[in-house]
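S.K.: What follows is the residue order along each chain.
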Amino acid sequence: MTLPEPYRLAAFVLGALAFVGLNAAYLVWVERKGAARFQRRPGPTEVGPEGLLQPIADAIKLLSKQVIVPPGADALLFRLAPAVVMAPALMTFAVLPFGAHLTARPMSVGLLLAVAFGSINVMAILLGGWASRNKYAIISAARVVSQNVAYEIPLLLVVITLLMITGTLDLSEIVRQQAGGFWRWNVFKLWVNPLMPVTFVIFFICLLAETNRAPFDMAEAESELVAGAFTEYAGMGFGVFFMAEYANIVVGCALATALFLGGWQSPFGIGSGVGWFLLKLYLLIFTVVWIRWTFPRTQFYGLLNLSWKILIPISLGTLGLTSVLLKFIRP
Amino acid sequence: MSTSAALADAARAAARAEGRETFVLNLGPQHPATHGVLRLKLTMDGEYIARAEPVCGYIHRMHEKMGENRTWAQFLPNTSRIDYLSAMHYTHAYVAAVERAAQLEVPRRAEFVRVITSELNRISSHLVWFGAFLLDLGGFTPLLYAFDDREKILDLLERITGARLTYCYYRFGGLYNDVDAEFLRGARDFVRYLRPRLDMYRELVTENIIFRKRLEGIGVADAELCRRYGATGPVLRGAGVAYDVRRAEPYAVYPELDFKIPTHPRGDSLARYLVRMEEMEQSLRIIEQALDLIPEGPFRSKVPKVLKLPPGDTCFAVEAARGRFMVRIVSDGRDIPYRVKLRTPSFSNLSLFEEASRGMLLADALAFLGSLDLVIPDIDR
Amino acid sequence: MKTPLRELWTGFRSLLTGMRVTLTQFFKPPVTVPYPYATLPIPERYRGHIELVRDPETGMSLCVACKSCEKACPSGCIVVEGIKREGDKKKSPTVFTVDFTRCSLCGSCVEVCPTEALRFSRRYNLAGTDREAYFLDLLKRLQAQAASTPTPATKA
Numbered sequence: 001m002t003l004p005e006p007y008r009l010a011a012f013v014l015g016a017l018a019f020v021g022l023n024a025a026y027l028v029w030v031e032r033k034g035a036a037r038f039q040r041r042p043g044p045t046e047v048g049p050e051g052l053l054q055p056i057a058d059a060i061k062l063l064s065k066q067v068i069v070p071p072g073a074d075a076l077l078f079r080l081a082p083a084v085v086m087a088p089a090l091m092t093f094a095v096l097p098f099g100a101h102l103t104a105r106p107m108s109v110g111l112l113l114a115v116a117f118g119s120i121n122v123m124a125i126l127l128g129g130w131a132s133r134n135k136y137a138i139i140s141a142a143r144v145v146s147q148n149v150a151y152e153i154p155l156l157l158v159v160i161t162l163l164m165i166t167g168t169l170d171l172s173e174i175v176r177q178q179a180g181g182f183w184r185w186n187v188f189k190l191w192v193n194p195l196m197p198v199t200f201v202i203f204f205i206c207l208l209a210e211t212n213r214a215p216f217d218m219a220e221a222e223s224e225l226v227a228g229a230f231t232e233y234a235g236m237g238f239g240v241f242f243m244a245e246y247a248n249i250v251v252g253c254a255l256a257t258a259l260f261l262g263g264w265q266s267p268f269g270i271g272s273g274v275g276w277f278l279l280k281l282y283l284l285i286f287t288v289v290w291i292r293w294t295f296p297r298t299q300f301y302g303l304l305n306l307s308w309k310i311l312i313p314i315s316l317g318t319l320g321l322t323s324v325l326l327k328f329i330r331p
Numbered sequence: 001m002s003t004s005a006a007l008a009d010a011a012r013a014a015a016r017a018e019g020r021e022t023f024v025l026n027l028g029p030q031h032p033a034t035h036g037v038l039r040l041k042l043t044m045d046g047e048y049i050a051r052a053e054p055v056c057g058y059i060h061r062m063h064e065k066m067g068e069n070r071t072w073a074q075f076l077p078n079t080s081r082i083d084y085l086s087a088m089h090y091t092h093a094y095v096a097a098v099e100r101a102a103q104l105e106v107p108r109r110a111e112f113v114r115v116i117t118s119e120l121n122r123i124s125s126h127l128v129w130f131g132a133f134l135l136d137l138g139g140f141t142p143l144l145y146a147f148d149d150r151e152k153i154l155d156l157l158e159r160i161t162g163a164r165l166t167y168c169y170y171r172f173g174g175l176y177n178d179v180d181a182e183f184l185r186g187a188r189d190f191v192r193y194l195r196p197r198l199d200m201y202r203e204l205v206t207e208n209i210i211f212r213k214r215l216e217g218i219g220v221a222d223a224e225l226c227r228r229y230g231a232t233g234p235v236l237r238g239a240g241v242a243y244d245v246r247r248a249e250p251y252a253v254y255p256e257l258d259f260k261i262p263t264h265p266r267g268d269s270l271a272r273y274l275v276r277m278e279e280m281e282q283s284l285r286i287i288e289q290a291l292d293l294i295p296e297g298p299f300r301s302k303v304p305k306v307l308k309l310p311p312g313d314t315c316f317a318v319e320a321a322r323g324r325f326m327v328r329i330v331s332d333g334r335d336i337p338y339r340v341k342l343r344t345p346s347f348s349n350l351s352l353f354e355e356a357s358r359g360m361l362l363a364d365a366l367a368f369l370g371s372l373d374l375v376i377p378d379i380d381r
Numbered sequence: 001m002k003t004p005l006r007e008l009w010t011g012f013r014s015l016l017t018g019m020r021v022t023l024t025q026f027f028k029p030p031v032t033v034p035y036p037y038a039t040l041p042i043p044e045r046y047r048g049h050i051e052l053v054r055d056p057e058t059g060m061s062l063c064v065a066c067k068s069c070e071k072a073c074p075s076g077c078i079v080v081e082g083i084k085r086e087g088d089k090k091k092s093p094t095v096f097t098v099d100f101t102r103c104s105l106c107g108s109c110v111e112v113c114p115t116e117a118l119r120f121s122r123r124y125n126l127a128g129t130d131r132e133a134y135f136l137d138l139l140k141r142l143q144a145q146a147a148s149t150p151t152p153a154t155k156a
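Protein chains in written order, with this note's numbering: chain B, 1 to 331; chain S, 1 to 381; chain L, 1 to 156.
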């Protein structure tokens, strides 16, 4: 059932773009509705039924606004930054295993690619912040870099732990290994490593930090840095950053689903399919929204302390434990 | 070049020579964290604050000068607009100062109603602070919960005063109008309603590890610092000093009521937070007692139509939501004040910010600023 | 080793508690009022801008043009002029205007009125595009009210 190569590519490019676009637009709606419900408000109600057309109205508004490059800003880098932030997020979609046969480009190094592209968005925010020629933006850019450097390490340690268990970088293969019921998912593989749920929590925290989501939204920190690196962006420049944030959340949650929660595998062993993947994905995304609207922001150094003093030691510990257990317990 | 600019240049050159270059970050007058038109000129060394200079006056409305060209009664609407979140207390201080100078009697019922409405106002003010403070720390949801509760207070007060913010409810010798049974019942219901909500806030916010880590040991203002700058209210009580005007210079019927003055010795932002949260509970206790004790009777005593105060100098202080608010009125015997001096707590509480914020990180300084609970019109008057 | 771990656990548990609290709120209905479609009841004592009270018998204003309100107003936004008409015992107003742009809604005027000829209106959604809309002529307003809701006297 495979299409010839060029058509296959075009189909997946279109599919990924549509998926990212719709997700970005409707996650904004979900976020706003969700936030409203957490705060006992109705949320957007005016544009379309239940405010469902609100994202479209927002997009039209953002598109129709002038792109302002502040005087004194580095015009090239300033315009480049939104492109740089969006591109890697889109590319990562190529390797996400939505279903058993639903991957744009199954790759033997899919996980590596996802992790590698995942860290480019830091550079984009740095570029945007630096090029804006705004003090708040520069502070924000500096924060983003140290934050992401700090969280890349525990994230990768967790990924390495997982690699030792799965023995492959192919995301589809990783999911396939988790077939046969929820007890076979990586997060519950307690016989390989009793600390697997902890590993998952670390991965999730790092994911929040990597995507600059609350409570780690140091980059935006609206009550401190106005809008951080995005302060000077108007119109679609801002819109792209905004979309990229949601695209990154989707990528991050999709990775968490594939790595820990068994991807498209059904929790009961039968009836696996893309539906399960999406369900798990959106449950995770809901959790991200839920966390954002529950907690206050962390301190900046508190965030670094959390990474260097807690997450890295623990993830190193689980890495060590897993290697020992793999060596001695499983033949 | 002016002298100060030359000095600043010299300071910058010296800093550069030491390898410590600073830049000036202009925070406000339009900034989400200043909650009004406060401007902070921050001299920053990276993300550390070398010096934070508050610049005020953006919302100066000359309330004191306005007091000098209108009759005693005509100044009443102004008192609600100095600190718009604690309007009742401010009106109380002014009204009581005039009553003290003119030696007017206040009926007991009026005194009780003043206490009940003042304490309701204190809770509503603390709820706004609670929400806004959490907003400064990046948590948006508690703000809306707090505003939901506050709305109930505003509904109650609107019922009897006709306004939601600028109540202008107290009059010389009593009240503008009497409270009804519906209000008293509503106040009792509110007390019952708020207690579990405060428990919820404790679970959601106070015990939250992120929240605690952000405030513990941040922005320490000890008793000595508070004394030097004249800081009062929760800022002073957060430094371990049990100073409360309601006890130190008792007024209205507070001596008859049983309540605790919450203090926390550490003087950090968390201490100030905890003091305010406990104050809300104490206010609930005060309201409950006052509702039990409130007598029937007149709500206003006879006051001459054209009020002329005997020449003299009178002060009256109340415990407003942000600290000691004092009115000093000087009369030269006419029907117009000679001088109205307002001693506002936010001004003193802001003053210590410059000294206490030296060397702090920007994010911490903003948490500290939030914990001071500043109302900008109260600073500028 | 034990204390840091316990600290870590209590910290983590506090986060879960917070999430439980918000989730319970998530399933409760909204507390807001969808304003333009629904409004809250306006309380009896609501202080809107002032208006003149009609004498239930004559349908005219109770105002005797004593100018007490004009004097009591802290903002000087009330202007009253009155004459004594032939055959009347009291004066009656010929001009009664309020500059609502300057009014601070303190209620001093209502309070000092010796004949209780003033009360607060219950208009609250005051929005306009020009300043003139807020120079209120209360006598005209009274006539308009009289025209829409006739009193027994005018009916007869």
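Hints are computed from structural coordinates only; laboratory data are not their basis. Beta carbons are placed, not taken as given, at the ideal position from N, Cα and C, and that holds for glycine. Check each hint, because a few of them may be wrong.
Taking CB as the label site, the calculated pair distances span [stated by the list, open to error]:
hint, chain 1, residue 1, chain 2, residue 2, range
1, B, Pro106, S, Glu18, 55 to 63 Å
2, S, Asp155, B, Ser64, 52 to 60 Å
3, L, Arg6, S, Val220, 23 to 31 Å
S.K.: Are the hints correct? Go through all of them and say.
M.R.: Hints versus structure:
1. Between Pro106/B and Glu18/S the CB atoms are about 58 Å apart, so this pair conforms to the stated range of 55 to 63 Å.
2. As the Cβ distance of Asp155/S to Ser64/B is approximately 41 Å, the hint placing it in 52 to 60 Å is violated.
3. For Arg6/L and Val220/S, the hinted distance range of 23 to 31 Å is satisfied, since their beta carbons lie about 27 Å from each other.
The structure does not agree with numbered hint 2 stated previously, though it agrees with all others.
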